[in-house]
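This is what each chain is made of:
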Amino acid sequence: MSKFKKDGKKKLPGISTASLPDIIFILLFFFMVATVMREVELKVKVKTPDASEVQKLEDKSLVSAIYIGKPTKALQSKWGDEDRIQLNDAFAEVHEIRDYVEAKVTKIAEYKRKKHMISLKVDAEAKMGIVTDVKQELRKANALKITYSTRKGFDAKK
Amino acid sequence: MIRETPEINAGSMADIAFLLLIFFLVTTTMDVDSGIVRKLPPPVEDDRPIDEVNRRNIYTVLINSADMIYANGKPGSIKTLRSDVKEFLTPHFPDNPRFPKVEAIELEINSKKIPYYKSKGIVSMQNDRGTSYEIYIHVQNELAGAVRELRDELSNQHYGMTFKELLKDDDVAAKQIQKAVPMAISEAEPADFGGDQ
Chain A
29 MSKFKKDGKK KLPGISTASL PDIIFILLFF FMVATVMREV ELKVKVKTPD ASEVQKLEDK
89 SLVSAIYIGK PTKALQSKWG DEDRIQLNDA FAEVHEIRDY VEAKVTKIAE YKRKKHMISL
149 KVDAEAKMGI VTDVKQELRK ANALKITYST RKGFDAKK
Chain B
6 MIRETPEINA GSMADIAFLL LIFFLVTTTM DVDSGIVRKL PPPVEDDRPI DEVNRRNIYT
66 VLINSADMIY ANGKPGSIKT LRSDVKEFLT PHFPDNPRFP KVEAIELEIN SKKIPYYKSK
126 GIVSMQNDRG TSYEIYIHVQ NELAGAVREL RDELSNQHYG MTFKELLKDD DVAAKQIQKA
186 VPMAISEAEP ADFGGDQ
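Protein chains in written order, with our numbering: chain A, 29 to 186; chain B, 6 to 202.
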C-alpha cells in the first residue's frame, strides 16, 4: 500500500477563483491606460477618407475636433440631410467656429498654445464647399495648424 | 485570548472589477487620431498685391465638381499624380524650360557647406465647391507623398535614413532638408463653376 494514497472516495477539488479578481483588475488597468475617454457624442455621420501620408497626433489635449458630415439617420428628420458642422455636442453654424476655437485655446496652458491644432473630421462624402468655409473661418480665427483626420490604407495605384 | 477575526468574503470582488471593466470599455475609445497635417496661410487683407510667380514654376491641379482631375491643363489621374508632381519638383540643372527654375542655395550637411539647386516649383491646387472631400484628400495625399519621397531621397543620400527618422534623430539636419525641399503646395480659393450638388 502506498503511503500517499488517500482513503475514501476521490473528489475533484474545486478550482480556486481567488485570483480571478486580480486577472480582471489587470484587464481593467490595461483598458484604463490604453484608451481615452470619449469626448463627444457624434451627431453627424463621419467616415473619414483613407490616406497614406498620415502623421499621428501626439497630445490629445492640444487637439480640438470639428466634425462635418450628414446628420445621423435618427436626426435627419429634424435637421435634414445636408452636410452640417458639429462643435462639442451640438450642431453649429460656420460663424460659431471662432468662439469655439477661442474657448478651446484658453483652456490650454499658455506656453503650449502655439501647438494647438484643429482636427477636421470630415465625412468622405461631404462636399468641399462647407469644408472651405470652415477653413476660411479658421484662418480668420488664427487657428492655422490643421489636420485632416484620415484612416490608413490608401494606395493610389489600385 | 486572541479572538479570531472573521475573513472578509472576497467572492464578489471579481464582479465589482467586472463592472468597472465594462464601464471603461463602454466610455472610452481606442482610436489614435491620425491625419494629414497642413498649415493654413495667415489671413490677408484684400488689397495685398498678388505675388508674381513665373508661369513655368507652377503646376496646377484642378478638381472639378465631378471629381475629375486636371493636372497642368491635361486630364490627369490620381494614379500618375504622385510621379508627375515628383518629376516636376525635382530640381533640373542646367536650366530646362520644361521644368521650374532652380535657385542656388547652400546646405549645411554634417557641418560642411554643400551647394544645392533648389527647385522653385509650386504646386497650386484648386477645387470646386462641389468637389467631394474624399478626392480632395486623395489629391492632398499624393502631393504630400511626392514631397515626402523627394525629402526621403535627399535625406537618404546624405544621412542614410528616411526623413521621418531624421526628424526624430536630428532636428537641425531635418531643417536643412526642409529648406531644400519645401512643402510647396498652395491652395487657391475654390471656384464655384459646378455649383453645390
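Read the hints as simulated data drawn from the structure, not as lab findings.
Heads up, some of the hints might be wrong.
[What the hints assert, rightly or not] So the derived list for chain B, only partly shown, Cβ under 8 Å to chain A, looks like this: (1) E9; (2) T10; (3) A19; (4) V42; (5) K44; (6) P48; (7) Y121; (8) Y122; (9) K125; (10) S129; (11) M130; (12) Q131; (13) Y138; (14) H143.
[Stated by the list, open to error] Think about it this way: if two alpha-carbon atoms lie no more than 20 Å apart in a straight line, the pair counts; the simulated SDA-like pairs of lysine to any residue are: (15) A:K140 - B:K44; (16) A:K132 - B:L45; (17) A:K173 - B:E192; (18) A:K75 - B:V42; (19) B:K169 - A:E81; (20) B:K44 - A:R126; (21) A:K173 - B:L45; (22) A:K73 - B:M35; (23) A:K88 - B:I127; (24) A:K143 - B:S39; (25) A:K73 - B:T32; (26) A:K88 - A:K132; (27) A:K173 - B:V37; (28) A:K84 - B:K169; (29) A:K71 - B:L45; (30) A:K88 - A:M60; (31) A:K88 - B:R43; (32) B:K44 - A:Q164; (33) A:K75 - A:L48; (34) B:K44 - A:P99; (35) A:K84 - B:E192; (36) A:K84 - B:V42; (37) A:K173 - B:Q183; (38) B:K44 - A:T160; (39) B:K169 - A:L85; (40) B:K44 - A:M60.
Bear in mind the structure is a predicted one, so any value in this text is a computation, not a measurement.
Beta carbons are placed, not taken as given, at the ideal position from N, Cα and C, and that holds for glycine.
Review point. Against chain A, with CB atoms and a cut of 8 Å, does the hint on Y138 of chain B hold up?
Key: holds (5 Å)
Exercise for review: Please verify that hint: M130 of chain B, Cβ, nearest Cβ of chain A, below 8 Å or not.
Suggested key: violated (11 Å)
Review point. CA of K73 of chain A to CA of T32 of chain B, is that 20 Å or under?
Key: Within the cut-off at roughly 19 Å; holds.
Practice item. Against chain A, run the beta carbon of V42 of chain B and see if the smallest gap drops under 8 Å. Key: Where the cut-off is 8 Å and the nearest Cβ of chain A is about 5 Å from V42 of chain B, the hint holds.
Exercise for review: Return the status of the interface hint for Y122 of chain B: holds when the least beta-carbon distance to chain A is below 8 Å, violated otherwise.
Suggested key: violated (25 Å)
Exercise for review: Assess, step by step, whether the Cα of K84 of chain A is no farther than 20 Å from the Cα of V42 of chain B, and give holds or violated.
Suggested key: Holds, at about 9 Å.
Practice item. Below or equal to 20 Å on CA atoms is what counts here, so check K88 of chain A against I127 of chain B. Key: violated (33 Å)
Review point. Taking 20 Å as the top limit, are the C-alpha atoms of K84 of chain A and E192 of chain B close enough?
Key: Violated - the C-alpha atoms of E192 of chain B and K84 of chain A are around 23 Å apart, more than 20 Å.
Practice item. Would you mind confirming whether the straight-line C-alpha gap from K44 of chain B to T160 of chain A stays at or under 20 Å? Key: holds (14 Å)
Check your understanding: Are K132 of chain A and L45 of chain B close enough, with their CA atoms no more than 20 Å apart?
Key -> holds (18 Å)
Review point. Taken at face value, is the distance from the CA of R126 of chain A to the CA of K44 of chain B at most 20 Å?
Key: Roughly 17 Å between the alpha carbons, so the hint for K44 of chain B and R126 of chain A holds.
Exercise for review: Verify the proposed pairing of K75 of chain A with V42 of chain B, using a straight-line Cα cut of 20 Å.
Suggested key: Holds - the C-alpha atoms of V42 of chain B and K75 of chain A are around 18 Å apart, at most 20 Å.
The structure fails to meet hints 1, 2, 7, 8, 9, 10, 11, 12, 23, 29, 33, 34, 35 and 40 from the earlier list, while all remaining hints are met.
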